[in-house]
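For reference, the chains in residue letters:
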Amino acid sequence: MPDQLIFGMEVFLNGLMAGVLYALVALGFVLIYKASGIFNYAQGVMALFAAMTLVGVMEGQVPFSHLINAVLGTDVHHFGWHLPALIGILTTMAVMVGLAWLVQKIIFKHLVGQEPIILFMATIGLAYFMEGLGDMMWGADIKKLDVGLPQGINIWIDETTYGIFGYGFFIDNLDIVATIIAAILVAILVAFSQYTKQGRAMRAVADDHQAALSVGVSLNFIWVMVWSVAGFVALVAGIMWGTKSGVQFSLSLIALKALPVLMLGGFTSIPGAIVGGLIIGVGEKLFEFAVGPLIGGATENWFAYVLALIFLVFRPQGLFGDKIIERV
Amino acid sequence: MKRTLITAAVAGIMAAAPAMAELTFTALSYRTGPYAANGIPFADGYQDYFTLLNERDGGIGGEMVNLLECETGYNTEKGVECYESTKGEGALVYQPLSTGITYQLIPKATADGIPVHSMGYGRTSAKNGEVFRNIFNYPANYWDGASVGIKHLLDINGGDLSGKKVALVYHNSAYGKEPIRTLEEAAKKHGFELSLLPVDHPGQEQKSQWLQIRRDRPDYVLMWGWGVMNQVAIQEAVNIRFPMENFIGVWWSGSENDVLPAGEKAHGYKALTFHNVGDDFPVFDDIQKYVVDGGKAAGAGDQIGTALYNRGLYAAMLAAEAAKTAQGIHGVSDITPAQMRDGMENLVITEEKMASLGLPGFGPSFNVSCQNHGGDGMVAVSQWDANAGKWSLITDFVQSDQDILNPLIDEDSASFAAENNITPGCN
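Quick mapping for you: the protein sequence lines, in order, are chains A and B. Here my numbering is used: position 251 in the first sequence is 251, and no number is missing along the way. To get my numbering, take the position in the second sequence, counting from 1, and add 1000.
Don't read these hints as lab results, they were simulated from the structure. Take every hint as true, because none was put in to throw you off.
The calculated PhoX-like cross-link candidates involving lysine-lysine, where the alpha carbons are at most 25 angstroms apart (straight line), are: (1) B:Lys-1296 x B:Lys-1324; (2) B:Lys-1390 x A:Lys-144; (3) B:Lys-1353 x B:Lys-1324; (4) B:Lys-1151 x B:Lys-1164; (5) A:Lys-144 x B:Lys-1265; (6) B:Lys-1188 x B:Lys-1151.
Taking the hints into account, I'd like the entire structure generated from these sequences.
In structure tokens form, the structure reads like this:
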């Protein structure tokens, strides 16, 4: 088999894995948009905030320590504990639920019925507020995140493909774990929305707020629940991306990788986020592999958007998005 | 009551007057935003050194130092706003701490007669002081870094790189592209094969680049990265088991922030530097005594001795020494920005001077002149010891290949002079 074809296969597989990571971020956007019609600009910052909180809790960091020390003249930084990852994740989840409740109570409860652009602007404000809050709570330093996930080349795949092709494929163990987690997450989310009372209520709210209200569905509860689930998805994305690069401010920029996925997969479809992520991941990686060297490289960022735009031309609602029908 | 308040306010101002600062320096820092983790230690080092001078020496030449800190968030527009809002305060010199801001300030500061010190960043050809009269980039620039990186590879290969493969992983920006011409010239001269691997901002996803490195198997990888790109690149190198001792980053890819997320696997990673590392220098005892223990440290006091803190401290030290030089030349203690420029242009850094400042061996010796605003291009290589959790220098400060660099600097500065109707020369 020609070398380029073998290399292309490796790139294809890595594209799939990268796509799963993009989809993890896109899922959070989809959940909130589906239930409330809000394009949540703060989703990337939520991933950052969740990851910072997780590290802070696990490492026993005192939140707002710089502020406390500056005001009270104390010198407290750590509680002196190191918690297991599971406790850290559960505690962080509780924080994200609390945040969801606050967001609903303080911001969106007062914006029911407003134009989508107003809601979008509110999420921009929320994003910048959360950036500042995270910075004040946990500091701006780069934090190592270790929840015990494996990293590095998968030896079995390397050796197996070497036996077949004479060239060992590189697949990162972390990407494999991310794929498994994403699959479980999607299965749970689909099952939740299809087979639970709360899930059906969520879909009812997504279809028609007024109708859902008229049959006794609590809009407040549903939105808090959706923001909490989106917070959980953000935490998962934050763990995966934070393990790769350390937890730092730039983590919030992973939202940029989700936008073409949403354009392609549709803003309202959970499977669409996954399929869109896979198409974007594979497309950008193969384009970089095949065409990048001819035109100077660094094509991935812009090619993802080109790919999404091509799909948009033929299917404006995205691959799996709801078709927009306006009756006159 | 109103009169009492006004009287009290005036009395307060008058009482404070004798203690008011006379020499104004600016710190265009970024303690917030995506690069805050790097901006904070630099800003702390810069501020702490001036605090030390005030507390220990009573300022510079008898004049207290007033440091104006302005937050840029590493944003070029905000950086220019900071410049515009502080230049009227009598700022003696600007340290923009960003290549983008530096490019914007080159014409503005030149027109305003205020010197700019872009230390280890900015426009490389500003080394030519006959064209860039108010811009200084001593003691080293990006081209010096690229050249010394190759010199290091020559050293560890017995002086012969022919047939070797060197890859450059770089931030796909003006900054990241800076070393390319130098490396291309070095590749011609030394016979190695150079491959270029750009990484788009911010650099969170680099799988394609590192798969290519795994396929092409270069002998060495150089990196011109920034922010999250550095951490991801080092982690990806670990993942593909690229030998860390063959991976060399520029000084902006060589802080503790860059290697710590990868843990012990980052052991052996190398970085170029134009100043020393660690806190084993007498000046740090004084900083502890006069600044930290006195409760006057810029931050929490936990950054002292880190690579970027040391860089900030080194920049402040060079600014203070230039101010002293200016005071000597002009015979006044309360110098102006124009006089500060003269001080910078006549700055002489010797090992004796460094030792007297409590910084023996901390940086290279160099002279600045009208023709040469960039020093002698002395750069060293440091290496990360993950077990000890610290950097250490593994080479002396080595001069870059002037045969390659001087023609490039002449060409680029001549082009700038032609575009801006500047007649090169010394006043």
